[in-house]
Each structure stands twice: as C-alpha cells, then as structure tokens.
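Protein chains: 4
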Amino acid sequence: MNKVIVGVIGAGRIGRLHVDNLQKLPSLEVKAVSEAYLNEELKLWAESQGIGLLTTDTEIILQDPEIMAVFICTPTDTHAELIIRAARAGKHIFCEKPVSLSLEKTMEALRVVGEEGVLLQVGFNRRMDPNFRRLKQLVEEGELGAPHVVKITSRDPQPPSEAYIRSSGGMFMDMTIHDFDMARYLAGSEVVEVYARGANLIDPVFGRNGDIDTAVVTLSFQNGVIAVIDNSRQAVYGYDQRVEVFGSLGSACADNCRPTTVELSTAAGITRDKPHHFFLERYSQAYIDEVVSFSAAIQLGETVICGGNDGMQAERIAKAAKESLETGLPVQLPLQTEVEAC
Amino acid sequence: MNKVIVGVIGAGRIGRLHVDNLQKLPSLEVKAVSEAYLNEELKLWAESQGIGLLTTDTEIILQDPEIMAVFICTPTDTHAELIIRAARAGKHIFCEKPVSLSLEKTMEALRVVGEEGVLLQVGFNRRMDPNFRRLKQLVEEGELGAPHVVKITSRDPQPPSEAYIRSSGGMFMDMTIHDFDMARYLAGSEVVEVYARGANLIDPVFGRNGDIDTAVVTLSFQNGVIAVIDNSRQAVYGYDQRVEVFGSLGSACADNCRPTTVELSTAAGITRDKPHHFFLERYSQAYIDEVVSFSAAIQLGETVICGGNDGMQAERIAKAAKESLETGLPVQLPLQTEVEAC
Amino acid sequence: MNKVIVGVIGAGRIGRLHVDNLQKLPSLEVKAVSEAYLNEELKLWAESQGIGLLTTDTEIILQDPEIMAVFICTPTDTHAELIIRAARAGKHIFCEKPVSLSLEKTMEALRVVGEEGVLLQVGFNRRMDPNFRRLKQLVEEGELGAPHVVKITSRDPQPPSEAYIRSSGGMFMDMTIHDFDMARYLAGSEVVEVYARGANLIDPVFGRNGDIDTAVVTLSFQNGVIAVIDNSRQAVYGYDQRVEVFGSLGSACADNCRPTTVELSTAAGITRDKPHHFFLERYSQAYIDEVVSFSAAIQLGETVICGGNDGMQAERIAKAAKESLETGLPVQLPLQTEVEAC
Amino acid sequence: MNKVIVGVIGAGRIGRLHVDNLQKLPSLEVKAVSEAYLNEELKLWAESQGIGLLTTDTEIILQDPEIMAVFICTPTDTHAELIIRAARAGKHIFCEKPVSLSLEKTMEALRVVGEEGVLLQVGFNRRMDPNFRRLKQLVEEGELGAPHVVKITSRDPQPPSEAYIRSSGGMFMDMTIHDFDMARYLAGSEVVEVYARGANLIDPVFGRNGDIDTAVVTLSFQNGVIAVIDNSRQAVYGYDQRVEVFGSLGSACADNCRPTTVELSTAAGITRDKPHHFFLERYSQAYIDEVVSFSAAIQLGETVICGGNDGMQAERIAKAAKESLETGLPVQLPLQTEVEAC
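Chains as they are written, first to last, in the UniProt record's numbering: chain A, 1 to 342; chain B, 1 to 342; chain C, 1 to 342; chain D, 1 to 342.
You may find that some hints are simply not true.
Because identical chains share one entry, a pair is satisfied inside a single copy or across any pair of copies.
[To be verified] Simulated crosslink set (SDA-like; lysine to any residue; CA at most 25 angstroms straight-line): (1) 31 - 331; (2) 24 - 111; (3) 136 - 266; (4) 136 - 202; (5) 43 - 143.
Since the hints were made in silico from the structure, they are not lab data.
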C-alpha cells in the first residue's frame, strides 16, 4: 500500500510527539510541518527527523496535492477554522481534542467535513490504550453482560501553568473531556443527564481563574448505565488513570501502569513503583496506535476509531457539566436525534 | 474488671452471630436470649452456647438487674421502641442498624437514651474492619493531607429475598446506610448535599417493590470533601467492598479481602480467589471487635465508637438520597446545628 | 459427640497458645496443665483460662483416666520420653515438632506409639494454613498436572536468642524442618537426595554456635519432583512465607499474608503492609485448625493430618541436610522401605 | 555525533529483530546484511527496511571500511570464527550468546578481540530489561544491604523444535546461560561452585537427545551469595521470568510483565493477563536498549555493558552445571585469576 503523506500543523509538544511517532511508522511519511513560531531548536529538530519542509505558512501544506492528510496540533481556538480549511482543501484530518470551545463552531466544522467527504479523527488517544481497549473488548464480547456502572478515576500529577489554565476552557473541557469520551465509549450509549460537583481544593490559581481542580461527575446514559468520574489536578503520587466497568456478568478494572514490576521490601515497608509520571509516558503506545489506526482508515477507506461526532458529544457533556456545576442542578441533554445530525 | 453481663434480644442470623462471638470473649457473658419465635433448633443452639435462659419474654431480660447491657437484634421496626424500653430500664444498648425507618422515631429514641444516660452503640460494624480502620488512621494522622474525595464501592453478591426487600426500607436505608456512615467516618464532616441516581437493572423484583438495585450517590460535605458511592445488589463475583480516600498528600485504597493469597496460573489464565462471599465472612473480625469495643466503653466509661447521632445522621442521608432519587434533584441537608441535637 | 478432655504438658509460649485456642473450641476442654517452672503469672493465666488444675507433676495428667489426649509442648529434648510415657498411659498425643533431635529416639517413640495404638499428631501446623492447603488441594485435584518443582521461601523476621540457638538442634532441625515437611506434603513423595548450601551472613552468634543463618537446600524426590528451599534467620521486612508448586499443567503460588489490604500512595511512593510479623500472627488460623483436626481424628477414629512418620521423615531430611552442609556433597537417603517401618 | 554504520551477519529471527530495531534508532544505520540462505521473502524484508546491500558474502561486510561494527546473528557454531575475522578486520562486535559451545574457542576469540582492541558485546539482553536493571540499581545503591540470596525463575512457554534442541548445546548452554549471567550480574561476584539437578519431565524429545527440560541449579559465589535458578522448557501459562534478590537490608522482586493491567471478575473467578508470551514480547525494550548501549559505547569509547569475559564466565558455569548433572556432584570452579585472563 502507498504511504500516507501528511503535513503537521503546529509543532508544539503534541505536534512534535506526533512527528516523532509518524517518522518511525512504515505507513506514513511527514512531508511538511508548519509552525507560527519558528526557532533554531525547531529547525534542528525538523532536520533530525528528516522533515523536508518547515514553514510558517500553513497554506503551503493545504495546497500541496501530494499531502493526503493533516494533523492539527495548534491551540484549541484555531482548530475549527483549520478543520474547515483542510476539509475544503480535500485533506483527511487528524485533530487534537477538543474540536473547539464552542459547540456552534464544532458543528459548523463537522458540517463542512461532511460536505467534503474527508475523514476526521479526533485525538481521544485513550481509546487506543491497550488496557482500555481490553475493557471495551470485554464489553463488546459480552463478558461483562449488560453494563451497569462505569467508574473512571482520572487525576493529573500536578497542575498546569496559569497561562494554560486561562486558555484551557476549564477543567471539564480540557481534562474531563477525555473521561467523558471514555465513558461514552465504554457505556455504548449517549448521555441524557449530567450532574457535576466541583471544588477548588488544591491551588487558589484555579479559583482565581474561575476554574476548579477537583470534581466528581455523574453521567446517566440512555441505556441505563450510570458513569461516575472523579478528577483531580494534583495526585502527588503520579498520573492516576483507572477505569472500571461493572455489569450483570462481572466487572473489569484497568489499573495504572508502572515503569517496572519491582517490589522492594525493607524494614521501612513494602514499596512498588509509582504510576507512569504523566500522559506522555502512560499513553505512549496509544499515541502510536491512534495514528496507525488513522492511516489504516485512510488507506482502507474505513471509518476512524473516533470521529467528529465523538468530539462533539464529549463537548456537549463538558458544557452540561459546567452548567451543572454553576447551577447546582443536574442538566438534561436532549437525545442525539434532537440535535442537528453531523 | 468485671464481666459485662448481657442479654440478647432477637436470635435471628445476626443475633446468633453476636452470641457466638460474645461467648468466646473474656470480657462479656450472655446471660439470656429472647426470641419471639422459639423452635427446637434454637434451643439446641442456646444449649451448645451455654446460654442459661432462652425466653420469648423480652421483659425478663430488661428487668434482670444483673444484666448491664442488651443487644437489639430484632427486625428494624421494633428497634426504636426497644431502645426506649431498654434505656428506661437503665441498660446500655447495642442496636443493629438502622435505628428506625423514621427519623422522628429515631430522634425520640435518642432523646430517651440521653435522658437515661446509658450508652447506645449502633451496629455500623464496618468502622471496625481492620482495612477501613487503617484508612481512618491514615486520615487522622494526616498521612493523606486534607481529604478531597472518598470513593466507596459496595456491592452485594446476590439480592435478598422479596420478603426482605419489602421490609428493608429500600436500598439506601438498608444497604447504602453502611456506606453513608463510612463516608461520614472518613470525611470527618457532615453531609450538606445528596444527589442519587438509581436504577432497577438486575431483577424486576426490586422494581415491583418500589426499590432499586443499582445506585450511584454523590455526597457533598461541609468541609469540601466529595464522596461517591456505587452500589449493586448483585456482583456475581462476590462481595465487593472497597474504599478509597484521596487527599492533598496522597491516596489510600482498601482492597477486597480473599480467603487465600493463592494465584493459579494455567493455560486458561491467571486466577486468584474471589473476595469473601458476604458480610459474615468479610466482616467476621469487625463483628468481634465492635462488641469488644462496646464492652470496653461500658467498663471504662468511655464513649462508643459509633453512637446514636451516627445512626441518625446516616438515616438522614438515606432519606435525602431517596428524595433525590424520586425528584431527580440534589437534596440539601441543613447543618447539624439546625436540627434538634441528640 | 463428647468433648475431648485434654492435658497440656508445658506452658511456655506454644503451650499457652494451644490452651488459649483449645478453650475457645467446643470440641475440646483443657482439664489440666503441667509446667516445671510455675510462677504467679502462670497461675493468673490458668485462672483466666478456667483451667482446673495447674501442676508441676506431669504424672497427674498421665494418670487421669478422664484425660484422653495430651499436648506435649515442652523443650525438644523431653519430647521422645514424654511420647513414650503418654503412649504407655494410653493417651492420644499431640507433640510439637521435632519429635526429637535423634533419629533413634524418634523411632523408638514411634515404635511405642504403634504398639499402644494411640494417635500421634506432630505439630507441623503449616499444613493447615489456608493458603498451603489450597496448594495441596490444587495438586491433589490435578489442577497443576504432574508436579515438577516445589519452591519454598521461608525467612524469619529476626534471629532467636543465643540460648535458643544453642538448644535448637541447628537451623535445619529447628526452622527448615517445617519446610522439609511442606515439600514432602506438596510433592507427595519421599526425598531421595539432599544438597544443602549454607552460610553465616547475618550474625556471628550463629557461627559461634556452629550454626548457619542462611541456606538454600535442594531436595530430589522419588517421583522426580525437585524442591528448593531458601531460608534466612532475618528478613528485615517481616516473616516471609511463600510457596510455589509448578507442574505440567500450571503453577500455583501462595503469597504472604498481610494485616490489611490497604495501599498508600504518596509522593514518597506506593506502599502496602509488610507481611504478618511472625508465626503467631501468620499461622494463627493454622494453630486452631490443627487442634480441631486432631480432636476430630480422636472423635471419629480417623488418621491424623500429620503423624509420627511425617515427623521422622522431616528429621531424616534435616539430618541429611546437615551432613550435606558439612561434607559439601549431596546426601542420598535410602528409600523409605529400607528403613525400619514406623 | 556520527551515526554508527553497521553490518549484520545472519538474517534469521534474531538478525531481523536487530535490523528492525536498528533502523528506528537515530544513532545507528544498517548498511549491509549478509545471510547464507537468501530468498524472496528476505529480499522484500530488506527492501522494506531500506537495507542497501543484501549479500551471501560476509567478507563484503568485513572489508567495507565504512562499516564500524558488525552484529553476529548466525548459528552458534560460527560465532567464534566470525568474531576472530571481524576483530582482525577492525570491527566492533555485537555477538549473540553464547560465544561458542567450547570454552577453548571462546577464549581464543576473546584473545583476538583483546589483541585488536575492538569492543565485543555479548547479547545478554536481559541485563537491559527495565525490571532487572532496577534490581541491579537497588543492589548497587545498597538498598538491599549485602546480598545473600538471588532467586531466578526462568521458564519458557513451550519447547523448541527437535532440530533446535540438537544444536542448542543443551539446556544449560542454551537457556540457563541467560540466568547464569543474570545471577553473576546481580551477585556482583564470581561463581565458585555449581550444583545442578535436572530431569526430563515434559517431553521425551529432550531425553532422546541427551538433554533435560527441567532443572534446579545452585550457584555459590565467592562473596558468599547463594543463587538458585529453576528452569522449565514448558510453562503452559506463558513466559515466566522472575528474579529476586534478598539481602541484609531487604528484598526486591521483579515480577512478570503482562500485556495489560486489566483484572476480570466473573462468577468463574478473578482473572488477569498471562505474562507476555515469549522473549520477543517480554524483552522488546531490552533488545532496543542493548543496541543503544552498544552504539553509545562505540561513540563514546566506553566499555560495553556485557563483554567477552561475561560471555565466557557464563559458559564456564554452564559447562560446570552439565558436569554436575552428569556426575551428581557439585563442581568447583577455580577462581577467575587462575584461568587465563581475557
């Protein structure tokens, strides 16, 4: 099969991560990278990765007929517009989450994607984590029977910078959105009600910026599943990412991953490794597998593992969670058929 | 120290369990047992346990001046009245949970207990489980810093009988009440809001009786702690009893207990023991330790580990959870100082 | 069934442990305890346990026609003679391990037991540990197929006193003897060769007394099983007692037992409980179950779980291990049929 | 730093594995591959990997002045001669284990390597396994105090082919040799005595070829450490690779690695993943890390993590183990200073 020639838009942390992975894969090739803020370090990096073209002009990528797909790795507020431009240029699109901070913009972007008939994959990388894939497989194969309860523990090791907090869209849109997608993925249904409790317990910087750092969110699904997510911006012992699905025939738990299996026993106690430090370590395989899956979808003309509608649904839940937090009341979500289809 | 001479009121499953334990302890002695429905089996059992008196007349126990304390192990709807009678007779009281299904009756009973100056211990045995005590100790010693989130998984292995369901007061009052108490115990604060989601997913017998079998309850505490409890009436793999406390300095999880530590590895997979079957096995040590603690409180004139107010608070939460389930809305609980003190 | 009336000879740590357990069991009753060195503490203890007779004269116990069985809990060098006297007096016998430090004395004692037709149970309590029983059950039910390798880790938390070391008979006879019995029990065969390596790595007190504190022993069994035992007199993290059986259809491992299941996660690391401190905690249930089993054998006329031959075989292996350590060569053990039958 | 240009000699399973890894690493580049038996499949593979030259003539690689290092991945009986030829050609050498089946040949090869001053790394890849590296680190940092006992469990999932068995040099030279190296690595000392017990319990094919399939080997080290290794050619539950180091200040255990952390709880039991299937999966990271380490040693002029002497010492132990098995006696190994230095 022919390689999928791609352009990467945005060379921040996540853009460079994707390039590093893409260049090791036999099915893809990065032809060009665009980045608004070029510097020497980036140039050296691009050279070491064998990138032919490093530019500040995204249009060069969009107009290159050889490039079949683009990776949108820019700040969130540019996603929707870039999706529209890329779709109009006939490129398949891999876009980091969230699609946008505005449901209207997201729906507009999805509409254009639909019109142009290109593929759009949203970067909910955790769907490809081997542990959570195994949970999904157990659900789908019926090993757990009818699912009743989904429990997600999702805690970051430390808070982001204040600059990041300000432009993040808030904890639900920035952090919990991964968990909303995971809950939908595992429940196999759509959310009909959201109830969120949150607090600012860790650092006043969150409160100062109208945000929270601790939350418990209950999701009620159309098929009766109840999901519960607890989040913290600071788990001092490391990145805590556990998921459990309980059903009529059993339960399955995905525990944290650790650097080694070594257990140390001394007079001071019995100790094992902390979980992997953060998402780059914990989800390193998932970041690879999601782009392998994306390129296979392009090559085989299949659907992506996580599309525009998945992105939009997670955003709807995040928005409802924010409303619930503000009103103190559960928020109903109209059934999917009642909103404009994407 | 002198032995604490006790009478046991009610010789059902839990009453006989207490007698079995009491008779092995050096600090207590069961002088008499009363039970409304006597049969041959009970007589043989009482004999084997060396019980001097087995009677249908509870008054004999209450009037015996040698008996210092009574264990109330009768059906829930008799608890409050028996507490009042025992308190008036000057007996210390160990009463199984809940104190009653009516907050008014509970408060009346507590009022009389207060007037008579006797001790009342409510049978929230899980407080004495070695695993949960260790959690409590970690919280109290500050190892976890300020507590932020308490998570309780509490699932029974199989549903009770329809007769039991009918008189149980509903899942929140019968089953979750233990978890409400555990959440209060670990959070070290009082609940100010309850939000409950529930469903009838396991067996229509629950729905037929106006009850649920699956629930997720969120509790908000005055000190900012958020607790979340998930319950099921049927975990096919056994009695699932796990608790986790997450705080500013760390997290502590109490896992299930199992009959053995053996792990079996075959071509079919890697298998370990299911959790202990049900509460009699899982909490066997807690059932002993709670009565040891009760007798020590009597002998030393100390307060009990779990008193009448604890019983009432858990009932208030259960009642609010039921209201939340029915209305679909969070229910506020007035601060403790606003209700009549006990 | 009638209670088994017993006398206990020797009221040191292990004798008192047995009395404490026996007095809680419905099937046995301790009528008398003899102890060479009586003091006030012992008298108070006997009173608290409801022991009718505390004496320095063992003969009173042996001559009491009501006493059906004796527990021999005296120092090892008195075991063989007491077994002979008790057997001649027609008492069933529970004797702590080892039967003696001399194979000749052990065989003489077993001969008398055989002549008198009384039961003799040797206190290899670990056979009744729930974890190791489960291993045995898996072997017997064929879950592991043909057993190939047995691995035993057996490490004490700290060295005994020098006085104890002097009279212990050496590490193999005092400590490893339990592991030799466990290996025989799980292999289901007899040892044909012993190879022992040992060293004095922990404390010079062992070397001063001609003993070792660290050992690795390989046992070859008639049925092809190879067992390997590693011992240490000092595991600073607690009592390390693990056993593994590997066979043609799988493997089963019994891990250590711990006071609680709590795992603590902090910035300093992920910590769980150390193993139970020592044998009294780890094998508390086994100490109960072995005497229940002994009383049942008496009441039902069945064979004991661990008899005189088991005691003698373990002593033969211990003796061979010592010889191997001294000569640096493997030591062959003649097949069981070639030694005088017991 | 300049890339290390390498040639790979032998394109069997392990040769291709190395090429796959080398081509993904920025510090190395495979210029040529030689293989005696070329076929279409190999040509396609070489093309897909971007290998410029695929030849049957090893001499082309050895004479290429641009090639700085060779990987010897041919059958064992060619290793020594190829090492000599490569060393004479001035190439640094990475050679798969064992160096040879004859100690004389190995020593001759090491002599030439020493004369030519090239680097020789022997492929004991497990030294780079993250779990075992952590054990080594704990030993070196003194966390375990003085090491006393090393325990290695090393079991293959299924037996190799009869053809493989015939040319393998026997289980000790083919399989246990990895464990001998690991024991030396962790004990930090040299072996002075070897005692081996082995049996043919799994498949008669081993016995037919004068080999065994089950073994327990005890190694005594000059510094007092005792190591014990148990091996099986067939662990039906997967590749069982566990190592434990016990010392004066504690113990550290490296457990098996598994594809996921998921635990499944059903009415049938509590199940988790089997260990990784075999060495390609379990040691995938180690295979990468050992070549990264090799290229760094070349680039920085440092010593390799595992050199010719390490290869020779492991072979000496394997040979002694075979002799012990045949004679039934422990075999002494003269101290390292007494053999010709390498």
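Evaluated hints:
no., hint, in the structure
1, 31 - 331, "neither (46 angstroms within a copy, 58 angstroms between copies)"
2, 24 - 111, "neither (33 angstroms within a copy, 39 angstroms between copies)"
3, 136 - 266, "between (39 angstroms within a copy, 16 angstroms between copies)"
4, 136 - 202, "between (33 angstroms within a copy, 21 angstroms between copies)"
5, 43 - 143, "neither (50 angstroms within a copy, 44 angstroms between copies)"
Violation of the numbered hints given earlier is confined to hints 1, 2 and 5; the remaining hints are satisfied by the structure.
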